[in-house]
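Undergrad: Each chain is listed here by its residues.
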Amino acid sequence: MPFLSDPERAEVTKMLSGVDSPVRLVFATQTFSCELCGDTRRILDEVVETQPHVSVDELNLVLDTARAAEYGFSGAPAIAVVGTDPDGSEWDPGIRFLGAPLGYEFSNLLEAITRVASREAGLSPASVDKLAHVTKPTTIQVFSTPT
Amino acid sequence: MAIANPHITATVVEATEFPDLVRRYQVTGVPKIVINDSTTLLGAQPEDVFVSAVVAAQDQER
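As you go down the protein sequences, you meet chains A and B in turn. Residue numbers for the first sequence follow the numbering used here, so the first one is 1 and each next one is one higher. Residue numbers for the second sequence follow the numbering used here, so the first one is 148 and each next one is one higher.
Don't read these hints as lab results, they were simulated from the structure. Quick caveat: nothing in here was measured; it's all calculated off a predicted structure. Ideal placement from N, C-alpha and C gives every residue a C-beta, glycine not left out. Check the hints yourself; a few may be wrong.
[Stated by the list, open to error] Quick list of the computed label-pair ranges, beta carbon to beta carbon:
1) V128/A with L189/B: 24 to 30 Å
2) M1/A with V196/B: 30 to 36 Å
3) R9/A with R170/B: 35 to 41 Å
4) F32/A with S199/B: 39 to 45 Å
5) S5/A with N183/B: 39 to 45 Å
6) G190/B with P125/A: 40 to 46 Å
7) L63/A with E194/B: 36 to 42 Å
8) T175/B with R9/A: 19 to 25 Å
Only chain A is shown next, with the shape it has when bound in the complex (with noise of 0.2 Å):
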């Protein structure tokens, strides 16, 4: 049985219509231990069925630990939204979703995919002044739950 009723799927539809760049959700997955990451799957399977330019890349935390490594997970299920270049290459914002893309998170998700398409964080354009002057590695994490 689908994830989205088929007014969801309308509406995810809606939503990433205008993604018109690349975007790969690259989704750490493992077999063992991982109540989620099956449902993690079908879910990005469910919303990649609505936009051509969205795909899935699937890396198994356990047996391919160095592309984990790349993309900094350490835990599944784990999703980094990654964009591409105008030159085509990978572009990597660092955006990365820890845990199934459930409730709030699944909106949060469809709007990364939009953001990083179009490269427009959407904040204003004094708070991007101030974030000029942040030159240091700095991490951010939101702890969230689905409801």
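Given chain A, put chain B in place with the hints provided.
TA: Below, chain B alone, put in the same frame as chain A:
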């Protein structure tokens, strides 16, 4: 912010699935924002407050 600045990474953590991280960062409520493992903000924040905290977190480490 991660899109606006290449030095910034942003991770959304689903708290119920990662209790070890919840313990490490003493997450007592959501949303909780942790910047550079040190600065914390509890509750949803206006954009300017959030951005200022990110910039200030970098200054604290100098």
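Undergrad: Which numbered conditions among the earlier hints are violated in the structure presented, ordered from lowest to highest?
TA: Numbers 2, 6, 8, in rising order.
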